[in-house]
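*Asks:* The primary structure of each chain is shown beneath.
2 protein chains.
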Amino acid sequence: MHAVDCKALAEKITDEIHNETKSMDRKPVLAMFLVGKDPSSEIYIHKKEEQCIRAGIESRKIILSENITHRNLLAEIDKLNGNADIDAILIQLPLPKQIIEREALERIDPGKDVDCLHPLNFGLFCEYGSEEARVIPVTALAVMKILKECDAAIKGQDVVVVGSSNIAGKPIALMLVEKGATVTICHDKTKDLKRYTRKADILVVAAGKKHLVTKNMVKYGAIVIDVGINRENGIMRGDVDFDNVSEVASYVTPVPGGVGPITVATLLENVLRLSYRKQSNGIVPKPDIEII
Amino acid sequence: MHAVDCKALAEKITDEIHNETKSMDRKPVLAMFLVGKDPSSEIYIHKKEEQCIRAGIESRKIILSENITHRNLLAEIDKLNGNADIDAILIQLPLPKQIIEREALERIDPGKDVDCLHPLNFGLFCEYGSEEARVIPVTALAVMKILKECDAAIKGQDVVVVGSSNIAGKPIALMLVEKGATVTICHDKTKDLKRYTRKADILVVAAGKKHLVTKNMVKYGAIVIDVGINRENGIMRGDVDFDNVSEVASYVTPVPGGVGPITVATLLENVLRLSYRKQSNGIVPKPDIEII
Chain A
310 MHAVDCKALA EKITDEIHNE TKSMDRKPVL AMFLVGKDPS SEIYIHKKEE
360 QCIRAGIESR KIILSENITH RNLLAEIDKL NGNADIDAIL IQLPLPKQII
410 EREALERIDP GKDVDCLHPL NFGLFCEYGS EEARVIPVTA LAVMKILKEC
460 DAAIKGQDVV VVGSSNIAGK PIALMLVEKG ATVTICHDKT KDLKRYTRKA
510 DILVVAAGKK HLVTKNMVKY GAIVIDVGIN RENGIMRGDV DFDNVSEVAS
560 YVTPVPGGVG PITVATLLEN VLRLSYRKQS NGIVPKPDIE II
Chain B
310 MHAVDCKALA EKITDEIHNE TKSMDRKPVL AMFLVGKDPS SEIYIHKKEE
360 QCIRAGIESR KIILSENITH RNLLAEIDKL NGNADIDAIL IQLPLPKQII
410 EREALERIDP GKDVDCLHPL NFGLFCEYGS EEARVIPVTA LAVMKILKEC
460 DAAIKGQDVV VVGSSNIAGK PIALMLVEKG ATVTICHDKT KDLKRYTRKA
510 DILVVAAGKK HLVTKNMVKY GAIVIDVGIN RENGIMRGDV DFDNVSEVAS
560 YVTPVPGGVG PITVATLLEN VLRLSYRKQS NGIVPKPDIE II
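Protein sequences appear in the order of chains A and B.
Counted from 1, the first sequence has number 421 at position 112 by this note's numbering; the numbering is strictly sequential.
Counted from 1, the second sequence has number 361 at position 52 by this note's numbering; the numbering is strictly sequential.
Treat the hints with care, as some may be off.
The list cannot tell twin chains apart, which means a pair is met if one copy fits it or any two copies do.
The list that follows gives simulated cross-link-like pairs (lysine-lysine, DSS-like), each with its CA atoms no further than 25 Å apart [unchecked claim]: (1) 518 with 528; (2) 464 with 498; (3) 587 with 464; (4) 321 with 331; (5) 524 with 406; (6) 498 with 528; (7) 464 with 518; (8) 508 with 518; (9) 528 with 508; (10) 316 with 519.
These are calculated hints, taken from the structure and not from any lab test.
The following block holds chain A by itself, in its conformation from the complex (with noise of 0.2 Å):
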């Protein structure tokens, strides 16, 4: 086990990532939905377009105001879901409240769904595995990627994950099934937490609450994965004490600067498999690159 540097990982997916696309007969198109103002939607965008020039791949935003009626959001979904321009689609959440984010998730051709929230990819990775599914939940691709480079054990592993959401929890928790950890799902429901977290071998935060898990609730030696996000006065911290946990663990992935930036070059290795399985008519899904 060693400490990752998440930033440089996400650099290194990144440039591989950008390998493949400058061989490729055109660039992938990744198109992206902005709908409103907020600040930190803005931002998520922000960094996705910067990383999207890294790796060679043309990203187009879509600005929709606030008020848009979801009738209209359906409608603007269904254009580009028609323009064969565009490889990927990306709806930034939240939405607001007048729109129903299922539909608008559902309404996206499940061969353009880049953040594989479409039920039918969101079935495919659950039922077949990260190998055979078409697209990866990023996030539970990005805590897989943090692991392999610091050389951790998976199969048999102890491995509790907190939080059981589509974007997270879950699909963290399937693909370490998969792999071969023994896993336990908490959440907020969850009787004495530490009783859980205090034996795992490696422990996956994803429940969107501040400094959730402290020095105690944590095994010496354990790998801690922080997936939470959670902003105050404009500062970002995560689940994890950060200080305080690093006090026990072997290794902590920041907030920020950790699980983060993977995620947007993991949500870019997506844009890749759509590109590659559209430009060969959907007989080479696979892009040269390894999954995890």
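Given chain A's structure and the hints, the job is docking chain B onto it.
*Replies:* Quick look at chain B alone, frame taken from chain A:
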């Protein structure tokens, strides 16, 4: 907590379905593919046919040769997909080796996929939970029915699921997480299985390994649900050493006569869901029977 008569519970569910079907404009129709002559498959199909009669559901059995080509099987599935009389389609597993199981399962119209094995339906279930799903994996639903019938608390309970298959372990684990349990998924890579099973308030075993779970692996007073089916010289045995484990558990489901008959009833509940959705053009997808 009290013991459950699983056969009686299966009959109760089937009678509730009959109560619904008798007031429908037309009987729901379930088509079942039996490919080849696997004796266990023949028994299962026969049991489903019997219960269809009790539930007021019409069953149609399509017997295909052991040697049918993959392409011809897909063509047979297409025929039923296009037949407006058919509400639900089931392919009895396992399939002969020339058939690519995944492609056959994905070929079923998701609107007729009674076993919830099409990735779209599996994804809807995994992503949005049992109440938003079109159909529910039958074994997961059977486990929930048993837990409800024996008045088991679920929220905040420690649950261990042994096995991570698509038809049992994965959906069982996700459904229990949905209902608020803290769930550990164990499998054949798990080290020291009893370390996990011994702390479980509810232990669900779906490993497919005869008498894997013995008395010393079970907590005093636990509820043990045995999903295993292991045939040996014509005798069916579970994954749990029933007599032995019964000495410590507060309740153990038997094999045969436990989870099995209830999965037939929950399958017919899925037929009803699909049929209602079809007869109402998707507007009223949920029958008036309680899901769990």
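*Asks:* Give the relationship of residue 524 and residue 406 under a CA distance limit of 25 Å: within one copy only, between copies only, both, or neither.
*Replies:* neither (38 Å within a copy, 53 Å between copies)
*Asks:* Pop the pair residue 464 and residue 518 into one bin, within, between, both or neither, using alpha-carbon distances up to 25 Å.
*Replies:* Between copies only: 20 Å across, 29 Å inside.
*Asks:* Treating 25 Å as the Cα threshold, decide for residue 316 and residue 519: within, between, both or neither.
*Replies:* within (22 Å within a copy, 49 Å between copies)
*Asks:* Since the copies are identical, ignore which copy is meant and state whether residue 518 and residue 528 lie within 25 Å (CA to CA) inside a copy, between copies, both or neither.
*Replies:* Only inside one copy: residue 518 and residue 528 sit 20 Å apart there, 32 Å across copies, limit 25 Å.
*Asks:* Taking 25 Å as the upper bound on the Cα-Cα distance, should residue 587 and residue 464 be classified as within, between, both, or neither?
*Replies:* Neither, since 34 Å and 44 Å both go past 25 Å.
*Asks:* When no copy is named, should residue 528 and residue 508 be tagged within, between, both, or neither for a Cα gap of at most 25 Å?
*Replies:* Intra 6 Å, inter 19 Å, cutoff 25 Å: intra and inter.
*Asks:* At most 25 Å between alpha carbons: which applies to residue 498 and residue 528, within, between, both or neither?
*Replies:* This pair counts as both: shortest intra-copy Cα distance 22 Å, inter-copy 21 Å.
*Asks:* Between the shortest in-copy and the shortest cross-copy C-alpha distance, which are at most 25 Å for residue 464 and residue 498: within, between, both, or neither?
*Replies:* between (27 Å within a copy, 7 Å between copies)
*Asks:* Which holds for residue 508 with residue 518 at a C-alpha limit of 25 Å: within a copy, between copies, both or neither?
*Replies:* The answer is within: 21 Å in one copy meets 25 Å, while 27 Å across copies does not.
*Asks:* From the Cα coordinates, with 25 Å as the cut-off, is the pair residue 321 and residue 331 best called within, between, both, or neither?
*Replies:* within (15 Å within a copy, 63 Å between copies)
Consistency note: the structure conflicts with the earlier hints numbered 3 and 5.
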